[in-house]
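Asks: Sequence:
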Amino acid sequence: MQDIFIHIKIFTQSKFHHVWIRDTYVIEDFIQDIEKSWPLERTTFAHFFYHTESGRILNSGKTFRENAVISGDHFILF
Numbered sequence: 001m002q003d004i005f006i007h008i009k010i011f012t013q014s015k016f017h018h019v020w021i022r023d024t025y026v027i028e029d030f031i032q033d034i035e036k037s038w039p040l041e042r043t044t045f046a047h048f049f050y051h052t053e054s055g056r057i058l059n060s061g062k063t064f065r066e067n068a069v070i071s072g073d074h075f076i077l078f
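Going by the working numbering, the sequence shown opens with residue 1, and the numbers climb by one from there.
Keep in mind that the hints are not guaranteed to be accurate.
[What the hints assert, rightly or not] Below 16 Å or equal to it, Euclidean Cα-Cα: the simulated EDC-like pairs (lysine to aspartate or glutamate) are:
# : residue 1 : residue 2
1 : LYS36     : ASP73
2 : LYS9      : GLU53
3 : LYS9      : GLU35
4 : LYS15     : GLU41
5 : LYS62     : GLU41
6 : LYS15     : GLU66
7 : LYS62     : ASP23
8 : LYS9      : ASP73
[Said to hold, decoys possible] Pairwise CB distance ranges, derived in the manner of DEER restraints:
#  : residue 1 : residue 2 : range
9  : GLU35     : SER14     : 15 to 25 Å
10 : MET1      : GLU41     : 31 to 41 Å
11 : GLU28     : THR52     : 14 to 24 Å
12 : PHE48     : SER14     : 13 to 23 Å
The set of hints was computed from the structure by calculation and includes no laboratory data.
Nothing here was measured: the structure is a model prediction, and the numbers come from that model.
Glycine is no exception: its CB is placed at the ideal position from the N, C-alpha and C atoms.
Construct the entire structure; sequences and hints are all you get.
Replies: Okay, here's the thing in structure tokens:
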């Protein structure tokens, strides 16, 4: 288990959020937690992370480690 520092931009906003997280955190659980506390648009679709360095969508059922996320990575939350 390791802490990693990531940068998240919400699709509809210009500012980045900078977050320390555990690499064992499951993506889906993390998204559910931030949906409760960040100003996100309500949608009928599930939010998801787009990994800008690798150009792919993260698998929400896996952890950040399993998705090969490392400190300094950037994401867009859709």
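Asks: None of the hints should be skipped; say for each whether it holds.
Replies: How the hints compare with the structure:
Between LYS36 and ASP73 the CA atoms are separated by roughly 23 Å; this puts the pair beyond 16 Å, and the hint is violated. Among the hinted pairs, LYS9 with GLU53 is consistent with the structure: their alpha-carbon atoms are about 13 Å apart, no more than 16 Å. Taken as a hint, the LYS9 and GLU35 pair is honoured in the structure, with Cα atoms around 13 Å apart against an allowance of 16 Å. Between LYS15 and GLU41 the CA atoms are separated by roughly 15 Å; this keeps the pair inside 16 Å, and the hint holds.
Straight-line distance between C-alpha atoms of LYS62 and GLU41 comes to about 24 Å, which puts the hinted pair past the 16 Å bound. Of the pairs offered as hints, the one joining LYS15 and GLU66 is violated, with about 27 Å between alpha carbons and a cut-off of 16 Å exceeded. Proposed proximity of LYS62 and ASP23 is supported: the alpha carbons are some 10 Å apart, at most 16 Å. Restraint check for LYS9 and ASP73: satisfied, since their Cα atoms lie roughly 11 Å apart, inside the 16 Å limit.
For the pair GLU35 and SER14, the beta carbons lie near 20 Å from each other, so the given range of 15 to 25 Å is met. For MET1 and GLU41, the hinted distance range of 31 to 41 Å is satisfied, since their beta carbons lie about 32 Å from each other. In this structure the supplied range 14 to 24 Å holds for GLU28 paired with THR52, their Cβ-Cβ distance being about 20 Å. For the pair PHE48 and SER14, the supplied restraint of 13 to 23 Å holds, since their beta-carbon distance comes to about 20 Å.
Checked against the numbered hints above, the structure breaks hints 1, 5, 6 and satisfies the rest.
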